[in-house]
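These protein sequence lines are chains A and B, in that order.
The numbering of the first sequence is the numbering used here, which starts it at 168 and goes up by one.
The numbering of the second sequence is the numbering used here, which starts it at 18 and goes up by one.
Simulated from the structure, these hints should not be mistaken for lab results.
Here the structure is a predicted model, which is why all the values come from computation and not from measurement.
For every residue, glycine included, the Cβ atom is placed at its ideal position computed from N, Cα and C.
Some hints could be false.
Label pairs and their in silico Cβ distance ranges [as the list claims (entries may be wrong)]:
id	chain 1	residue 1	chain 2	residue 2	range
1	B	Leu64	A	Leu353	43 to 53 Å
2	A	Thr246	B	Arg68	50 to 60 Å
3	A	Ala210	B	Gly120	53 to 63 Å
4	A	His197	B	Gln95	27 to 37 Å
5	B	Val81	A	Phe222	41 to 51 Å
6	A	Ala356	B	Ser219	19 to 29 Å
7	A	Val169	B	Val81	20 to 30 Å
8	B	Ala222	A	His197	51 to 61 Å
9	B	Arg68	A	Ala210	52 to 62 Å
10	A	Arg243	B	Ala69	54 to 64 Å
11	A	Lys224	B	Arg130	46 to 56 Å
Residues from chain B shown here face chain A by an in silico Cβ test under 10 Å; the list is partial [to be verified]:
id	residue
12	Thr29
13	Gly102
14	Pro137
15	Ala140
16	Arg153
17	Ser156
18	Leu157
19	Arg158
20	Tyr164
21	Glu168
22	Ala169
23	Glu230
Cross-link-like lysine to aspartate or glutamate pairs, in silico, DMTMM-like; alpha carbons within 25 Å at most [as the list claims (entries may be wrong)]:
id	chain 1	residue 1	chain 2	residue 2
24	B	Lys118	B	Glu264
25	A	Lys203	A	Asp215
26	A	Lys203	A	Asp174
27	A	Lys217	A	Glu292
28	B	Lys183	B	Glu216
29	A	Lys224	A	Asp240
30	B	Lys183	A	Glu350
31	A	Lys217	A	Glu252
32	B	Lys183	A	Asp324
33	B	Lys183	A	Asp349
34	B	Lys85	A	Asp349
35	A	Lys224	A	Glu303
36	B	Lys85	B	Glu58
37	B	Lys118	B	Asp190
38	B	Lys183	B	Glu226
39	B	Lys85	A	Glu303
40	B	Lys85	A	Glu350
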Amino acid sequence: MVSPAIDNLVAQLTRLPGVGTRTAHRLAFHLLRAPKDEALALASAVQDVKERVRFCKECGNLTEEELCSICEDARRDRTIVCVVEQPVDLISVERTHEYRGLYHVLGGALSPLDGVEPEHLRIDELLGRVERNGIEEVVLATNPNMTGEATAAFLADRLRGRVRVTRLASGLPVGGDLEYADEVTLGRALSGRREI
Amino acid sequence: MLVVGPNGAGKTNLLESLHVGTQGFSPRTRNDANLIRFGREGARIALHGNRAGSLVELNVVLQVGAAKRASLNGARLQAAEQLRGEVATLVFTPDRLVVVKGGPAARRAYFDRALGRGTPTQAALPVEYGAALAQRNASLRGISLGYSTREALRPWTERVADLGAKLVAARRDAIAALEPLFAARAGELGLADAALRYEADSPSAESLEARLERDLDRGATGAGPHLDDVEILAGARDLRTFGSQGEQRLAVLALLLAEAELVRERRGVPPLLLLDDVLSELDPERRRILAERLPAYGQALITTASATALPVEPNQLVEVEAGEAGTVLR
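Based on the provided sequences and hints, a complete structural model is requested.
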């Protein structure tokens, strides 16, 4: 290659999800051509994020303070906790504006194949919160895939008897056409049909 | 349709390209790069057809180093494998004999694919069960090595039991639907009292818990549908061990015809049948029976080295010669 510095940048970019060697080259050359300010702004944004952002002590969400803005918010319903795998899932639930309770971010899903055991997730913290904080309902919003379902089952076992445990329903996307629904989703929606 | 040509002319190649073009994958290999002519960059299969009176246009493009692309009537599909849900194609190749004479894994794979073709909502079930099983086995090994706990194993035991019970039920249904058709077709081809037998215990969380110590010792789940077998019988004889080569071939053929009927019944459109070198080991009488029955199944392509192998006049005759495009003779 032309310079070890470019090689290094390409190598670092390739580590990002969804970025292959070709995209990494394009990004690297784009940064080279860009004004110095612009390129350094990216570098300092990366640095800022790594230095300032941490996990909320209470729920595991991302925050720049001790507690995240949701845990700090006095208007939130403190009797209900929605359990998600990742902070990005929390953002999705927040976008609905339907949910006014608190969250708990596990940091992943159980997967023995990948070496993810209960102690690697923030499960004890969740049980502690349920124990201490007068929580009445836990909504399990882990992903509806194999590992998410197993994680939900594991949590339900641990929480049963202590608190009301619910799981997100699965069914058809709103505004979509039946025509485009995959068989599994449509099959689940059929078996979970209800009277109107 | 009869496809004739000398050995090595490309008859099987034509059949394989029809399979790729209608299903999105090859029956021979999972490595798509092997489907592209040696030394070339890509391959394309374009098919025009007629399905129950409406025109169908299929396009599959393969490229070295890129994902394959497929379109149906001009609309791009997300994955080439989606074609499977659109067009049904059943294939007979001489390697299919392993379904009868191979180990239980070959039969499980065959009947699991058949249940997916018959009931598309259950096509993913065998894969899901396999994924749950792999997780449970990893958890079992984790317990032996001291970094996992029995409590963490439980959700995987539940998943394996749940999906396993569904898989056993789906297999039972699929085999129960296939069996009478299989017996009838096999009977016509001269294989008397043919039957399929699937005896499996449906797994449950309790039954898996009961054998937990043994599973921990082995580091693997030692019971469940991943170890089941489907027996293919003629009378009391298991054709795997007591069938002649000819009987095994008839059984594979009868299974294919049975599934073709089931597909026609369920989807309302008969599947495309691709029969590679099916005639060579059949006697003239059985060739005649097969030739007489095939038109009832819709379109069928048969490859053969000799145009006289089929005792009846084919509707279409295609001649394939090495290095040249096929010629439609009739």
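For a C-alpha distance cap of 25 Å, please report whether lysine 85 (chain B) and glutamate 350 (chain A) respect it. Holds: lysine 85 (chain B) and glutamate 350 (chain A) sit about 23 Å apart, inside 25 Å.
Holds or violated: the hint that tyrosine 164 (chain B) contacts chain A, with Cβ atoms closer than 10 Å. holds, 6 Å
Taking the least C-beta to C-beta distance, is leucine 157 (chain B) closer than 10 Å to chain A? holds, 8 Å
For the pair supplied as a hint, lysine 183 (chain B) and glutamate 226 (chain B), confirm whether the alpha-carbon distance does not exceed 25 Å. Roughly 18 Å between the alpha carbons, so the hint for lysine 183 (chain B) and glutamate 226 (chain B) holds.
Can threonine 29 (chain B) be said to touch chain A, with a Cβ gap under 10 Å? violated, 32 Å
Restraint status (C-alpha distance of lysine 217 (chain A) to glutamate 252 (chain A) at most 25 Å): Given pair lysine 217 (chain A), glutamate 252 (chain A) holds - Cα atoms ~21 Å apart, limit 25 Å.
CB of alanine 222 (chain B) to CB of histidine 197 (chain A), is that within 51 to 61 Å? Because 54 Å falls inside the window, the suggested range holds.
Does the structure keep lysine 85 (chain B) and aspartate 349 (chain A) at a Cα separation of 25 Å or less? OK: lysine 85 (chain B) and aspartate 349 (chain A) at ~21 Å, within 25 Å.
Okay, valine 81 (chain B) versus phenylalanine 222 (chain A) on CB: inside 41 to 51 Å? Since the Cβ atoms of valine 81 (chain B) and phenylalanine 222 (chain A) sit about 45 Å apart, the hinted range of 41 to 51 Å holds.
For the pair supplied as a hint, lysine 183 (chain B) and aspartate 349 (chain A), confirm whether the alpha-carbon distance does not exceed 25 Å. holds, 19 Å
May I ask you to test the interface hint for serine 156 (chain B) with respect to chain A, counting a Cβ-Cβ separation under 10 Å as satisfied? Nearest chain A Cβ about 4 Å off; hint holds.
Hint check: is the beta carbon of arginine 158 (chain B) less than 10 Å from a beta carbon of chain A? holds, 8 Å
Consistency with the previously given hints fails for numbers 1, 12, 23 and 39, ordered from lowest to highest.
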